[in-house]
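Undergrad: Letter by letter, the chains look like this.
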Amino acid sequence: MHDKTQLEGEAALSGARGKVLLIDDAPEILALYENVLRHEGFEVRVASSPREAFTTLESFEPDLVVLDYMMPQMSGEQVLRELRERPHFADTPVVFLTAMGQDERTIGAVLELGANDFLTKPLDRRLLVAKVAALVDGRRRANLSRAYDELAAAQRALLADLERARKVQNSYLPPSQGRFGQIGFRAVLEPCEHVGGDLYDVIETACGMITVLVDVSGHGLAAALVSAGVRSTLRLLLHTKSLPDALRELNRQLSMDNDDHYVCIAMVLCDGMQMRLVNAGLPPIVRLRNGEVTGRVLATGIPPGLVAEAEYEEVVWQVEPGVDVVMVSDGFAELFNDVEGIGHWASALDLLPVDHARSRHSLERCLQEAIRSSGGKLRDDSTVVVLSIAEPTRPTLRSGDTPAGDSDAAEVRFSIPPHMEVIPRALSIAARAMGRDPEDPEVRAPLWEALLNAVVHGSLGVNSPPRDRELGSFLAEVRRAERHVAADKTVAVSVTATDGGYEVAITDPGNGFRWQDFVRSNERPDPTLEGGRGIAIMRAGTEAVSWNEKGNEVKLKFSRPDKESQ
Amino acid sequence: MRIEAQEQRGVTVVSVLETRIDATSSDEFKLAVATSVDRGTLLVVLDLTSVSFIDSTGLGALVGGFKGVSAKGGRLVVSGLQPGVSSLFKLTRMDKVFEVRATTAEAIDVLSRRA
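From first to last, the protein sequence lines stand for chains W and E.
Numbering of the first sequence is given in our numbering, commencing with residue 1123 and proceeding in unit increments.
Numbering of the second sequence is given in our numbering, commencing with residue 152 and proceeding in unit increments.
No lab work stands behind these hints: they were computed from the structure.
Every residue, glycine too, gets a C-beta built ideally from N, C-alpha and C.
Just to be clear, a hint being listed does not mean it is correct.
Said to hold, decoys possible - Listed below are the simulated EDC-like cross-link pairs for lysine to aspartate or glutamate, each with C-alpha atoms no more than 16 Å apart in a straight line: (1) E:247 - W:1431; (2) E:181 - W:1381; (3) E:247 - W:1639; (4) W:1677 - W:1639.
Said to hold, decoys possible - Residues of chain W placed beyond 10 Å of chain E at every Cβ, according to the derived structure: (5) 1140; (6) 1268; (7) 1269; (8) 1337; (9) 1423; (10) 1439; (11) 1491; (12) 1668; (13) 1672.
With the rest of the complex left out, here is chain W (with noise of 0.2 Å):
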């Protein structure tokens, strides 16, 4: 037999024009047809008896058998036979060899087992070419064919696998609009394949809201892997360490894994108008008032996981409402050319304020058309977050069915009737809103007059008695009385800062009911004024009383308690 090497090498020369298995027990017919074939570019391997003719089968995979019919040990037919059960095989095109003068009725009997064609010797050598040629050939281009459909199967379900991380990856990311007491939150992340290494997360902790940016070296799947695990380590580590000393755990985990990723990130922890920042690899967090950079935080430590020991630092920044800062990764910085961050990107970022109707859209334009101005093919993720200050929030008096609950510090709902509990929750709202203690007698009495006034009488419109009747038996006679009010009612309740201190404005649904019929005048109050008590009450502790002219708004202006002393 031919040493295999060399018929391989032998192989690899010719170029194969495909692989043919050539079985007969004659050595001297194998020779010449294995020469005839290679000569044409065929790999060629033989067997001269069943037995060797499976083992090469089953390694050498050939595109065609050339079978020869009579064989002492094993019949051609039965070799067929055995060969089409392997499942294999079954469709191997098959050639057999017949002696000459073989009759009809066995070649018609062998074509039927499965064989494809036969060939009669002595072989005519360029019949036999022809033969191996048109048959190698289909069957070459029906393996290519089966081949790319399990390739395309293979890349689809590949794809589907990817798609469906994706969308895990997505549910791990907080809502990409959010507000947070006076602090509005927008994010917008786009990965550069299905999946990536950016992510953002706000953590609401007891010491305040921190917002994290975090860029994992790399991209795609294995980035996509680590960036999960970094998010569930910082949740826990966040509660319980500051913003260095966490960054500190962190690199040392990541340090510990034999992985090569480590992580870029950037934090903000938001306590009222205090802002403590860390920026560890990722490009400046950037402060912006009116559209001008006003402050940068950068490089406060070596990003988590290069190197074993690491020392991180945090900056300190007060706020006031109209600032903006604004967290990017490196990859969205890379699409203006500005890893340094001068924020020559500040400026296509429309910077609209939060509560603005189009602010949630703006920011994910500004990422695509950055995108499309630089290319249209992103290299890395790409993400943004921006946290902006806002005026300090209006608290809103809801009606409704759902009975009152403490969830949202914001709205306060009750039913028609209203229930008593109502009106001091609106109340100490208002008074924090303001900075101000609700005890304080100052304050309480003249919000709690207009805000009684608003809710019973601005919802139910009914004339108000004498202030000589308990709040409670009044409303019971009012739910005596059946009146019929409609459930939806809203009284609104905003507080607005001035120069010299705060304005409240109280706005109710103005149900026949005006404040300029309470109130007569803008004096000093005067007990002796028609319009009771109430009145007066409102003007105590405020600087000025003032309504609009459907009625259905009145305004109390409070001046600051420092102001005042002066």
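With chain W fixed as given, assemble chain E onto it according to the hints.
TA: Below, chain E without anything else, positioned relative to chain W:
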């Protein structure tokens, strides 16, 4: 990845002749640096004069190369940083990890004085 290594005054100067060290080339880079170091001395200058861009994977490979040299008791100085790379080093505080010199000549000076 095109990397050249030559010895000068007892210092192995490894010059990266590509403009980018990124995810596609970082493995090659790591290997090339390790091989050069294995063959040469433990005093290494990494000449990045041709490099205009290093991505996060590239930086990881750089630090890996540095750790490899340190682990063998060697010393590595980086030279010829272009502005983009210099900026990356600043953001990631690589100044706390690497010694950096403006030119390869200065870097060789620093190391050969010690030798």
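Undergrad: Is it correct that the beta-carbon of residue 1423 of chain W has no partner in chain E closer than or equal to 10 Å?
TA: violated (7 Å)
Undergrad: Decide if the proposed pair is consistent with the structure: residue 247 of chain E and residue 1431 of chain W, CA atoms, cutoff 16 Å inclusive.
TA: Holds: residue 247 of chain E and residue 1431 of chain W sit about 11 Å apart, inside 16 Å.
Undergrad: With the threshold set at 16 Å, check whether the alpha-carbon distance from residue 181 of chain E to residue 1381 of chain W stays at or below it.
TA: Within the cut-off at roughly 15 Å; holds.
Undergrad: Need the status of pair residue 1677 of chain W, residue 1639 of chain W: alpha-carbon distance at most 16 Å?
TA: holds (15 Å)
Undergrad: Just want to verify: residue 1491 of chain W was marked as not at the interface with chain E; is every Cβ pair farther apart than 10 Å?
TA: holds (23 Å)
Undergrad: For residue 1268 of chain W, which was marked as not at the interface, is the minimum beta-carbon distance to chain E over 10 Å?
TA: For residue 1268 of chain W, whose nearest Cβ neighbour in chain E is about 32 Å away, the distance exceeds 10 Å, so it holds.
Undergrad: Would you assess whether residue 1140 of chain W, listed as outside the interface, keeps its beta-carbon beyond 10 Å of every beta-carbon in chain E?
TA: holds (36 Å)
Undergrad: Say whether it holds or is violated: residue 1668 of chain W keeps its Cβ farther than 10 Å from all Cβ of chain E.
TA: The assertion about residue 1668 of chain W holds, with a minimum of 54 Å to chain E.
Undergrad: CA of residue 247 of chain E to CA of residue 1639 of chain W, is that 16 Å or under?
TA: violated (73 Å)
Undergrad: Please check whether the beta-carbon of residue 1337 of chain W is more than 10 Å away from every beta-carbon in chain E.
TA: violated (7 Å)
Undergrad: Far enough from chain E: is every CB of that chain over 10 Å from the CB of residue 1672 of chain W?
TA: For residue 1672 of chain W, whose nearest Cβ neighbour in chain E is about 57 Å away, the distance exceeds 10 Å, so it holds.
Undergrad: Residue 1439 of chain W: least C-beta distance to chain E exceeds 10 Å?
TA: The claim holds: residue 1439 of chain W sits with its nearest Cβ about 19 Å from chain E, beyond 10 Å.
When the structure is compared with the earlier hints, violations turn up for hints 3, 8 and 9 and for no others.
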